[in-house]
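Visitor: Heads up: the sequence lines are chains G and H, in that order.
Its first residue numbered 1, the first sequence is counted upward by one per residue in the UniProt record's numbering.
Its first residue numbered 1, the second sequence is counted upward by one per residue in the UniProt record's numbering.
Check the hints yourself; a few may be wrong.
Since copy identity is lost for identical chains, a pair holds within one copy or between any two.
To be verified - DMTMM-like cross-link-like pairs, simulated, lysine to aspartate or glutamate; straight-line CA separation at most 20 Å:
#1 K102 - E77
#2 K102 - E11
#3 K102 - D75
#4 K102 - E40
It should be emphasised that the hints constitute simulated quantities derived from the structure, not laboratory data.
Remember, predicted model here, so these are calculated numbers, not experimental data.
Number of protein chains: 2
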Amino acid sequence: MSGITSIHLVENALLVSIHDDVTDTEIIDLQDTLSHRISEENVRGVVLDISALEIVDTFVGRVIAQLAGISRLLDAETYVVGMRPAVAVTLVELGMYLPETKTALSLTHALSQLRRA
Amino acid sequence: MSGITSIHLVENALLVSIHDDVTDTEIIDLQDTLSHRISEENVRGVVLDISALEIVDTFVGRVIAQLAGISRLLDAETYVVGMRPAVAVTLVELGMYLPETKTALSLTHALSQLRRA
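One chain only, chain G, in its complex shape (with noise of 0.2 Å):
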């Protein structure tokens, strides 16, 4: 897996950090190693952690998309902390709305949100 993400348990969430480099295999073995961690964990939620991320594409955004998505349909609710400006304003222009994961501004602030859902 590399340097390109990191994932660590938090109370009962799952952060992942993900790199600017990240490429398509590595997404792959993420997303197969963190089905696994939610499921055997049993957490709550998953927080991913793209602050290193200064530009997206489709395919970033699609890999947040799909991150969620597994872990929704895994009972993990997603939080996105650390998402720059830009970021946010090139996604939408994408039309990649992320529906399925909340925003914090924080790691706290996410974790906070979970100990209250």
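With chain G held as given, fit chain H onto it using these hints.
Guide: The following block gives chain H in isolation, referenced to the frame of chain G:
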């Protein structure tokens, strides 16, 4: 940005007034400015005042939808205020149900809903 749009901070929300002669380039500026201000000023909501709009078309509908989409991705709720009945009818006829937005009768109503959120 000229006289078409203005952004004001009111309590914990950004009030955006959309004028009826908004153009493509102005909207791109607005998206950019708004997304940065949401992120920097850590606001909870965006209130889009569209009372100046007497008619809408798919362009304006898409503008509203995109502003709401960007706001949601940056963790701010969007309220649309001042919508005329004819505008609501047209938007629905165009198939633009604006699922990302909430509607409030006035700025006061929107702010009180944001306070409770």
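Visitor: Each hint: holds or not?
Guide: Okay, the hints, checked on the actual structure:
no. : hint       : in the structure
1   : K102 - E77 : both (8 Å within a copy, 11 Å between copies)
2   : K102 - E11 : within (18 Å within a copy, 23 Å between copies)
3   : K102 - D75 : both (14 Å within a copy, 8 Å between copies)
4   : K102 - E40 : between (23 Å within a copy, 19 Å between copies)
Consistency note: the structure conflicts with none of the earlier hints.
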